[in-house]
Amino acid sequence: MPVSLVTAQAYLAASAALGLFLGWLVAPIAGWVVFSLALVGQLAYHLRHWFLIDRWSRAPSPAADLDGTGIWYEPFFRVYRHERELRREIGHLQGEVERFATAGQALNDGIVALDLTGRIEWCNRSAERYLGISRRTDLGQPIINLVRQPAFVAYLNAGDFAEPLRFRSDRNDGASLSIRVTDYGPDRQLIQVKDVTQAERLDQMRRDFVANVSHELRTPLTVLSGFLETLREMELTAEERSHYLALMTEQSDRMLRLVQDLLTLSSIESAPPPSEDQRVDAAALVNKLFQDAHALSAGRHDIRLESRGSGDLRGEESEIASALGNLVSNAVRYTPDGGRITLRWAIGPEGAEFAVEDSGIGIDPLHIPRLTERFYRVDRGRSRESGGTGLGLSIVKHALSRHQASLDIRSTPGQGSCFTARFPASRVMAADEVGSA
Amino acid sequence: MSEHVQHVIRAFDEELNRLRTHVLEMGGLVESQIQAATDAYHTGEIKVVADIVAADKKVNDFEQMIDDECVQVIAKRQPAAFDLRLIMGVSKIVTNLERAGDEAKKIAKGARRLHERGQFMAPGDAIDVRHVASMAVTMLRQALDAFARMDTAAAVEVIRSDDDVDVGFKAIIRQLVTFMMEDPRTISGAMDVIWIARSVERIGDHATNIAEQVIYIAEGRDIRHPPKEKKA
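Residue numbers (my numbering), protein chains in the order written: chain A, 1 to 437; chain B, 1001 to 1232.
Treat the hints loosely; a few may be bogus.
Said to hold, decoys possible - Calculated Cβ distances over 10 Å to all of chain A for the following chain B residues:
#, residue
1, 1012
2, 1057
3, 1075
As the list claims (entries may be wrong) - Simulated restraints on C-beta separations:
#, chain 1, residue 1, chain 2, residue 2, range
4, B, 1080, A, 203, 51 to 61 Å
5, A, 136, B, 1022, 56 to 66 Å
6, B, 1223, A, 117, 29 to 39 Å
What the hints assert, rightly or not - Among the chain B residues that face chain A by a calculated CB cut under 7 Å, a handful are:
#, residue
7, 1015
8, 1019
9, 1021
10, 1028
11, 1076
12, 1148
13, 1153
14, 1175
15, 1176
Don't read these hints as lab results, they were simulated from the structure.
In this text, a Cβ means the ideal position worked out from N, Cα and C, and glycines have one as well.
With these hints in hand, go ahead and build the complete structure from the sequences.
In structure tokens form, the structure reads like this:
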């Protein structure tokens, strides 16, 4: 039996005893009066505590005190403690839930949780972006009300989720999305959305690359083997022979160039990042490019050089030379006779810029974003006729991006193009700076 | 829906929700039809035209089914207030969607005519209807989103952007007129493009009508044919 209860019983017993004693000593009425007063006191004491707990329980909170005395002390304390622990646990769980929600938010993949009728219960930010839904307005909305593409609706209704669904989003700039649906919990579904635009493009590029390489190699090879057969099986005059041999040389040169370009590309791709403190003599390089342009053009074009500022570049000389050289030779090749080609070189502490401007045939803006793709050609016939392999600009872009440089292409069809390679300040070495040249 | 008072009869709620979902499903079909049609026009891949024409049949079936559902709900539940407006609005939205689907079919057929004839105005490229078409498709998408969310602010936005589509349409017409004046041989091709552009412009109008119905459903305000204000 708790001590407090014993105390309370002792109080009652003591007041009863005092009442009896006074009743016997003075008069019975005096005894009753004393005993009643003691009971009234007791009642007041309990009422006060009833009042306390009544007030507290209207808004139970560990912040408000709940102090009882005597017999009320312990029950008050236990209720108070229970409340406090409950609060702490709720706070803890809330933190946990929030942590999970934050983790869900941080995912790159989109996540949507659906209830049993296909309504959105929760989604993360990526899902909002991919599917064009919003947590603010769309919770409780059937998902097919908002993601309405027939392919998606059919997939969700069919309920066969063994294979992921791929479809083109109509919101996110036509991104390709891959959708996976998993059942979880009783009658609930989780939709995972992944952006596979890049992966799809990469796949396509790989397929195209293999197909293109095979095609590019087969064409000259067919010509070669055809001539070989002719040479072996037919009686030819010396003149015919030499003519055929010349044609065969031309074709084998083309193959050689192609393989050379492929090797350059793969060596650029696999080489370690270019050094930061190797000096590339910019003035000499630009002069050499200028002379090369003259040699290639053989007087068919009006070629000019404008050079501004002083300083050198940091990086791998062979890569930079091959990148800029490709730009120059492209300009010469695609500018009709009598056209003008301007090489512009500017270098300063804020960066360097090499621009090749020509008055050539120009490029339709449609093609510009794809120009640096391997084997992408604006005009197949023309490119091959001028000896192009279709890899030049890929090499340029790769070599430049390894030096954190960018390639900017501007062009107006029929008026000419301007290819600009921009090197950042970190790739410029002042003339007086010491480097290992 | 949560934003409106639930009915005592749950089946009624479900019927209304099913109605909305059917409308939006039909809308999704029309959206993708328009998208496919304009793609076919630009890429010249006219194989999909048959699919688009076939999808139009589905759209028509949807229209009939939804209209039937509307009649059923009215007969069975005698709806009032929001529910009545929803049903009236839905039946008008469905009509507009069906017509937008017809326009998509016209675009697809026009594209097939143009590409089969293999003759275009400017050498090598189609007149760029893409810009206006994507505006119109976006309008329709936003109108349907507004319907799903009962979002009147978004609906107002849709109604406002119809002017841009009209401006784009007029620009295309001007461009085509120039072509036709320069070279009369382009006239038959240009006429086809005009019809396509016209269909795109109509799709924008249908989207506007849908947005107006959304406002009517949500607020009970009929904002069609506003009194002409002073024109700037």
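Structure-based check of all given hints:
With a minimum CB-CB distance of about 16 Å to chain A, residue 1012 of chain B clears the 10 Å threshold, and the non-interface call stands. Residue 1057 of chain B, annotated as away from the interface, keeps every beta carbon of chain A farther than 10 Å; the closest lies near 13 Å. Every CB of chain A lies more than 10 Å from the CB of residue 1075 of chain B, the least distance being 25 Å, so the non-interface label holds. Checked against the hint of 51 to 61 Å, the pair residue 1080 of chain B and residue 203 of chain A passes, with Cβ atoms roughly 56 Å apart.
Checked against the given bound of 56 to 66 Å, the beta carbons of residue 136 of chain A and residue 1022 of chain B, roughly 26 Å apart, lie outside it. Against the hinted window of 29 to 39 Å, the Cβ-Cβ separation of residue 1223 of chain B and residue 117 of chain A comes to about 33 Å, which satisfies the hint. The interface hint given for residue 1015 of chain B is violated, since its Cβ lies 14 Å from the closest Cβ of chain A, which is over the 7 Å cut-off. Because the closest C-beta pair between residue 1019 of chain B and chain A is about 11 Å apart, greater than 7 Å, the hint is violated.
At a threshold of 7 Å, the smallest CB-CB gap from residue 1021 of chain B to chain A is about 6 Å, leaving the interface hint in force. For residue 1028 of chain B, the shortest C-beta to C-beta distance to chain A is roughly 3 Å, which falls under 7 Å, so the interface hint holds. The interface hint given for residue 1076 of chain B is broken, as the beta carbon of that residue sits about 22 Å from the closest beta carbon of chain A, more than 7 Å. Proximity of residue 1148 of chain B to chain A holds as hinted, the smallest CB-CB distance being about 4 Å (cut-off 7 Å).
With a least beta-carbon distance of about 11 Å to chain A, the hint placing residue 1153 of chain B at the interface is violated under the 7 Å criterion. Annotation: interface hint on residue 1175 of chain B violated; nearest CB of chain A at approximately 17 Å, more than 7 Å. With a least beta-carbon distance of about 20 Å to chain A, the hint placing residue 1176 of chain B at the interface is violated under the 7 Å criterion.
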